[in-house]
Amino acid sequence: MKYRIRTRILAGFILIISAIFIMNIISDIENHKQAEEAMAAIYRYQNAEALVVSITVQTNEEAAALRGYIRSKDQRYVIAFENNCKAVEQDLNSVESLLADDPDSVEIIRSEISPALNSLANIMTDVRNGQDYRGESDPVVELEDLLTARTKLLEIMNNRQAAALKSLTRYSRTSYQETLLFDGLITFLALVLGFFIARSITTELSLLIRAVRQVSEGDYQLLERLKANADVGELVIAFKNMIRIVQADKQDLEQHNEELQAQSEELTAQNEEILSQQEEIQTNWDKLSKQEAILKRLYNFSQSLTSTLDLEPLLNTVLASIVEEAGAEVGAILLYNQETKTLKIRTATGLTQTEDLSSWQLGEGLLGLAAQKKRMLVANYGEGQLKTKGLHGILALASEIYLPMVVNDNLLGVITVGRLDGDKFNSEEQQFLTTLADQAAVALDNAITHLDTRQTLLQIQELDHLKSELINTVSHELRTPLASILGFAELLLKKTNSPARATKYLETIYNEAVRLTGLINNFLDLQRMEAGRLEFTKSTVDLGRLINKNVELYQAQSSQHNLIEDIEDGLPLVRVDAERIDQVLGNLLSNAIKYSPSGGNVVVRAFCSSSDMVEVEVEDYGLGIPEDAQDNLFQPFFRVDNSDRRQIGGTGLGLAISRKIIRAHGGELKVRSVHGQGSIFTISLPIGKASAAPKPFRGKQEIVVSQANDKVLVVEDDQAMAALLVETLNGNGYTTKVVDNGAAVFTVVREELPAVIILDLTLAGLLDGWDVLRKLKQDNATSKVPVIISSCIDKRNMGVELGAADYFVKPFPINKLVESVHTLTRMADGVVGVPGPQESVDIEKNIRELLEFKGFVVQGVINREELLVITLGNQSLAEHEVI
Amino acid sequence: MVKILIVDDEPSIRFLVSASLEDEGYDITEAVDGLQAYDIIQKDKPNLIILDVMMPGLTGYELCSRLKNDASTRDILILMLTAKGQENDRLESQQAGADFYLRKPFSPLELIEVVGSLLENQVIAPERGSVR
Numbered sequence: 016m017k018y019r020i021r022t023r024i025l026a027g028f029i030l031i032i033s034a035i036f037i038m039n040i041i042s043d044i045e046n047h048k049q050a051e052e053a054m055a056a057i058y059r060y061q062n063a064e065a066l067v068v069s070i071t072v073q074t075n076e077e078a079a080a081l082r083g084y085i086r087s088k089d090q091r092y093v094i095a096f097e098n099n100c101k102a103v104e105q106d107l108n109s110v111e112s113l114l115a116d117d118p119d120s121v122e123i124i125r126s127e128i129s130p131a132l133n134s135l136a137n138i139m140t141d142v143r144n145g146q147d148y149r150g151e152s153d154p155v156v157e158l159e160d161l162l163t164a165r166t167k168l169l170e171i172m173n174n175r176q177a178a179a180l181k182s183l184t185r186y187s188r189t190s191y192q193e194t195l196l197f198d199g200l201i202t203f204l205a206l207v208l209g210f211f212i213a214r215s216i217t218t219e220l221s222l223l224i225r226a227v228r229q230v231s232e233g234d235y236q237l238l239e240r241l242k243a244n245a246d247v248g249e250l251v252i253a254f255k256n257m258i259r260i261v262q263a264d265k266q267d268l269e270q271h272n273e274e275l276q277a278q279s280e281e282l283t284a285q286n287e288e289i290l291s292q293q294e295e296i297q298t299n300w301d302k303l304s305k306q307e308a309i310l311k312r313l314y315n316f317s318q319s320l321t322s323t324l325d326l327e328p329l330l331n332t333v334l335a336s337i338v339e340e341a342g343a344e345v346g347a348i349l350l351y352n353q354e355t356k357t358l359k360i361r362t363a364t365g366l367t368q369t370e371d372l373s374s375w376q377l378g379e380g381l382l383g384l385a386a387q388k389k390r391m392l393v394a395n396y397g398e399g400q401l402k403t404k405g406l407h408g409i410l411a412l413a414s415e416i417y418l419p420m421v422v423n424d425n426l427l428g429v430i431t432v433g434r435l436d437g438d439k440f441n442s443e444e445q446q447f448l449t450t451l452a453d454q455a456a457v458a459l460d461n462a463i464t465h466l467d468t469r470q471t472l473l474q475i476q477e478l479d480h481l482k483s484e485l486i487n488t489v490s491h492e493l494r495t496p497l498a499s500i501l502g503f504a505e506l507l508l509k510k511t512n513s514p515a516r517a518t519k520y521l522e523t524i525y526n527e528a529v530r531l532t533g534l535i536n537n538f539l540d541l542q543r544m545e546a547g548r549l550e551f552t553k554s555t556v557d558l559g560r561l562i563n564k565n566v567e568l569y570q571a572q573s574s575q576h577n578l579i580e581d582i583e584d585g586l587p588l589v590r591v592d593a594e595r596i597d598q599v600l601g602n603l604l605s606n607a608i609k610y611s612p613s614g615g616n617v618v619v620r621a622f623c624s625s626s627d628m629v630e631v632e633v634e635d636y637g638l639g640i641p642e643d644a645q646d647n648l649f650q651p652f653f654r655v656d657n658s659d660r661r662q663i664g665g666t667g668l669g670l671a672i673s674r675k676i677i678r679a680h681g682g683e684l685k686v687r688s689v690h691g692q693g694s695i696f697t698i699s700l701p702i703g704k705a706s707a708a709p710k711p712f713r714g715k716q717e718i719v720v721s722q723a724n725d726k727v728l729v730v731e732d733d734q735a736m737a738a739l740l741v742e743t744l745n746g747n748g749y750t751t752k753v754v755d756n757g758a759a760v761f762t763v764v765r766e767e768l769p770a771v772i773i774l775d776l777t778l779a780g781l782l783d784g785w786d787v788l789r790k791l792k793q794d795n796a797t798s799k800v801p802v803i804i805s806s807c808i809d810k811r812n813m814g815v816e817l818g819a820a821d822y823f824v825k826p827f828p829i830n831k832l833v834e835s836v837h838t839l840t841r842m843a844d845g846v847v848g849v850p851g852p853q854e855s856v857d858i859e860k861n862i863r864e865l866l867e868f869k870g871f872v873v874q875g876v877i878n879r880e881e882l883l884v885i886t887l888g889n890q891s892l893a894e895h896e897v898i
Numbered sequence: 004m005v006k007i008l009i010v011d012d013e014p015s016i017r018f019l020v021s022a023s024l025e026d027e028g029y030d031i032t033e034a035v036d037g038l039q040a041y042d043i044i045q046k047d048k049p050n051l052i053i054l055d056v057m058m059p060g061l062t063g064y065e066l067c068s069r070l071k072n073d074a075s076t077r078d079i080l081i082l083m084l085t086a087k088g089q090e091n092d093r094l095e096s097q098q099a100g101a102d103f104y105l106r107k108p109f110s111p112l113e114l115i116e117v118v119g120s121l122l123e124n125q126v127i128a129p130e131r132g133s134v135r
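Sequences listed follow chains A and B, in order. The numbering used here puts the first residue of the first sequence at 16, with every later residue one more than the last. The numbering used here puts the first residue of the second sequence at 4, with every later residue one more than the last.
Treat each hint with caution, since some may be false.
[Stated by the list, open to error] The calculated lysine to any residue pairs, modelled on SDA-like cross-linking and capped at a C-alpha distance of 25 angstroms, are:
| # | chain 1 | residue 1 | chain 2 | residue 2 |
| --- | --- | --- | --- | --- |
| 1 | A | Lys825 | A | Asp809 |
| 2 | A | Lys509 | B | Ile115 |
| 3 | A | Lys519 | B | Leu114 |
| 4 | A | Lys564 | A | Glu583 |
| 5 | A | Lys389 | A | Glu340 |
| 6 | A | Lys509 | B | Glu123 |
| 7 | A | Lys609 | B | Gly60 |
| 8 | A | Lys519 | B | Asp26 |
| 9 | A | Lys510 | B | Leu121 |
| 10 | A | Lys609 | B | Ser15 |
[Unchecked claim] Listing some non-contacts, in silico: residues in chain A with all C-beta distances to chain B over 10 angstroms:
| # | residue |
| --- | --- |
| 11 | Pro496 |
| 12 | Ser499 |
| 13 | Ile829 |
| 14 | Val833 |
Hints are computed from structural coordinates only; laboratory data are not their basis. The C-beta atom is built at its ideal place from N, Cα and C for all residues, glycine as well.
So here's chain A without its partners, still in its complex pose (with noise of 0.2 angstroms):
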């Protein structure tokens, strides 16, 4: 099955028509050459007769030759005879030749014809021998035979032709039946050839369109099966092909198929999720369905509880809501009180004996239960089951429950409410109070922190409001007096004055500039006080001294106003810091005097309020201050009414510091005021310990200065402070010696003793005030001689501890420096003495800061006659009493 259809038919038709041809062929042949054999047989049967025909005259010849050499005796006879012999042999021989397979012809030729030949031939040889003729008389009647053999002879080659003639037709008749059968066995053959071919050729193609079918159907087998060859191989081939390309299109879509298979599969998944999840949503949906008219109703209920943070309507509406909610006739709200822990009604309804039930203890009733535990408990009397005191059990309750309301672990109330009909609060319902309860407890926490905010924002803002005040306030106060110090000093330096002019000038610059120095210490002041680092160094005072001295002070300042002093007999010794309190005391003064312009009395009092406690009373009659601004009144910055008292001079800050400055002494700075009518300010003082009842000495005396040793060393940098330092003791009746630097201080020292030394800290050269101080306390040569410490370095405890005589910050009044030095070189040579009663009281007081300075406790002066003897620079006499 190699060839293509067409070839094969060709070839088919081809051998058949080639098989037809040859056969026809090889059956011609073969009748031809039968035909012609017979043919040829019967030519030869022809001349076979023929020759016998022939022979038959020539025997007839010999025979008369015979005959007439019998009788002649002529020798010509002789020859004719022997010449016919010789013919007849001839003929014979060729008839023989030509019969030779014709035995019947044969044997007729050589037992019949040769004897009768040979016997003429005998006869002559006889007669030519001599020997007479014996037989019949004439040879001829010897032929006799012959001639009977020759129609024998005849009749056989005529037989014998008929007989070829015979076969002749028979042949010819065979041969046209052979070529009829052969025809049809060709056709047949070829029939059978186109049968098979076509057979085969159908085979393959219904085996194909089969394998198509099954590969329709998806059965490979068969397609996979069939053999690729020939012409349907070819459409085998390219159907494989085609299916191997619809295979790949199969499985690229089977491929796609199984993917979106698959996501079908996974959103059918999904689809079943969303699914379950809709049922879930459906079901949960029901229930917030359910819970919505809860939830609205918890909504209105604190949608009521926003309508106010005040404290007072925010519990009416809660309880209102809460009864109405609970479907309950009565019902209370107590606040729990820590400190007390104690429950307090703050609003019922329903009630109508709340004052005998007002107050509950913890644990106490159902109610001082529910509170202590902080859990809702339900009381259902109707049971009878509980017996318990509650709220309600005054009436006859059929329920009643109780809702502590808490925050953050903290109790701020228990709520309670009660039914007077047969309803029990079912469990929902307890959940639902509870939960109202809860709300309720936030609003009030929110209310509670509410209130506390707004106050604590309040005073914030109004801090800063104050604050940017006090910035317009200081921008006022400092540019006042430094327009003045800078405009006089420009006038003293641009324009020709008189002297009297100039120093008027300067004395205004002056003024301004200590004004100004007083203002920024005042904030320095605050701004330590508010860091915390303002150093107090107390000692024991007399206040009536220190009252005595301010008021002389503020008399001065204005002829308007008239001060008086009250002053208690025995007024006790105070421990503070002098200098702060006398701050205080002034401040309290000028401001009386600033706050009543019109003038008037001020009056200052002084006295025990109780065993321990010194008051000091300071009180005008002046604008008063308004009782909404007295809680303000001590806040720094602070101003009363800053449109109409901005004249007033000041920063705001004087009260602030004082306050601050009493506090710290443990006592208390307190207003009372009527606005328009005068305010009276109070400083309380702690007595503190061992403070005898003195009786303090008043009056004006002289400063007697003790002229034993003049001699003071200024240890200063700066010229002009030296030149100041150098003019005011010169002045005052002192010798003075400069030096710049630290390491002349000790040649100057030995050489000429000081009694005072003035130092400053800051020094050019190697050695620092610090350092100077010290190596002058080391050595025992100089360690008496008192040095006074000017400096603009505030560490005033340092240099006590380093054991400086006394502390000067600059800017300092130069005056209280000389005080200082006057008292130190009195003391200098190791006795002081307090002169009588005319003495000044200044020398008291020094002798006593000193003293205190040094570390001794100065009780107080019992007898001003006594003479107070000290030895200094016993460094064991750490603390002792003096009196």
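Assemble chain B onto chain A, guided by the hints.
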């Protein structure tokens, strides 16, 4: 004689202003607050007022604006002395109708010059602080 009224609650500033103008040949009067100044103006109208802002009773701005809104006193030159913050004093002086303003601390020599110029021209160049 040119009459100048100095209005300031601070004695040192009044003194400074009067001392500055002392030798210039003006007739100088002083007032310690706005109300007193108003009384003086009603009695004896000055040519120029040197007016402090921060004063008790009637502030400088209030007095200024009152004078500038009154036809009888509108022509009085007003020089404000301010000690407040930076920008709003200029604006407030302007709004009150002041002719000029000086910030504390001020230069007495400049004050002398400003007063002289104001009286002479009644107009001052803006860069020198005019509020007009």
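Hints, one by one, checked against the model:
Straight-line distance between C-alpha atoms of lysine 825 (chain A) and aspartate 809 (chain A) comes to about 9 angstroms, which keeps the hinted pair within the 25 angstroms bound. Between lysine 509 (chain A) and isoleucine 115 (chain B) the alpha-carbon distance is near 12 angstroms, which keeps this suggested pair within the 25 angstroms criterion. Simply put, lysine 519 (chain A) and leucine 114 (chain B) have alpha-carbon atoms about 20 angstroms apart, close enough for the 25 angstroms limit, and the pair holds. At most 25 angstroms may separate the alpha-carbon atoms for a hinted pair to count; lysine 564 (chain A) and glutamate 583 (chain A) meet this at roughly 16 angstroms.
Among the hinted pairs, lysine 389 (chain A) with glutamate 340 (chain A) is consistent with the structure: their alpha-carbon atoms are about 22 angstroms apart, no more than 25 angstroms. For the given pair, lysine 509 (chain A) sits about 23 angstroms from glutamate 123 (chain B) by alpha-carbon distance, which is consistent with the 25 angstroms threshold. Restraint check for lysine 609 (chain A) and glycine 60 (chain B): the C-alpha separation of about 15 angstroms stays at or below 25 angstroms, so the hint holds. Proposed proximity of lysine 519 (chain A) and aspartate 26 (chain B) is supported: the alpha carbons are some 16 angstroms apart, at most 25 angstroms.
Our distance criterion of 25 angstroms between C-alpha atoms is met by lysine 510 (chain A) and leucine 121 (chain B), whose separation comes to about 22 angstroms. A distance of roughly 17 angstroms separates the Cα atoms of lysine 609 (chain A) and serine 15 (chain B); the hinted pair therefore holds under the 25 angstroms criterion. With a least CB separation of 7 angstroms from chain B, proline 496 (chain A) falls inside the 10 angstroms interface cut-off, contrary to its annotation. The non-interface label for serine 499 (chain A) is inconsistent with chain B: the shortest C-beta to C-beta separation is roughly 4 angstroms, within 10 angstroms.
With a closest Cβ-Cβ approach of about 22 angstroms to chain B, isoleucine 829 (chain A) is found to remain outside the 10 angstroms limit, as its non-interface label requires. The non-interface label for valine 833 (chain A) is consistent with chain B: the shortest C-beta to C-beta separation is roughly 27 angstroms, beyond 10 angstroms.
When held up to the earlier numbered hints, the structure conflicts with 11 and 12 and fits the remainder.
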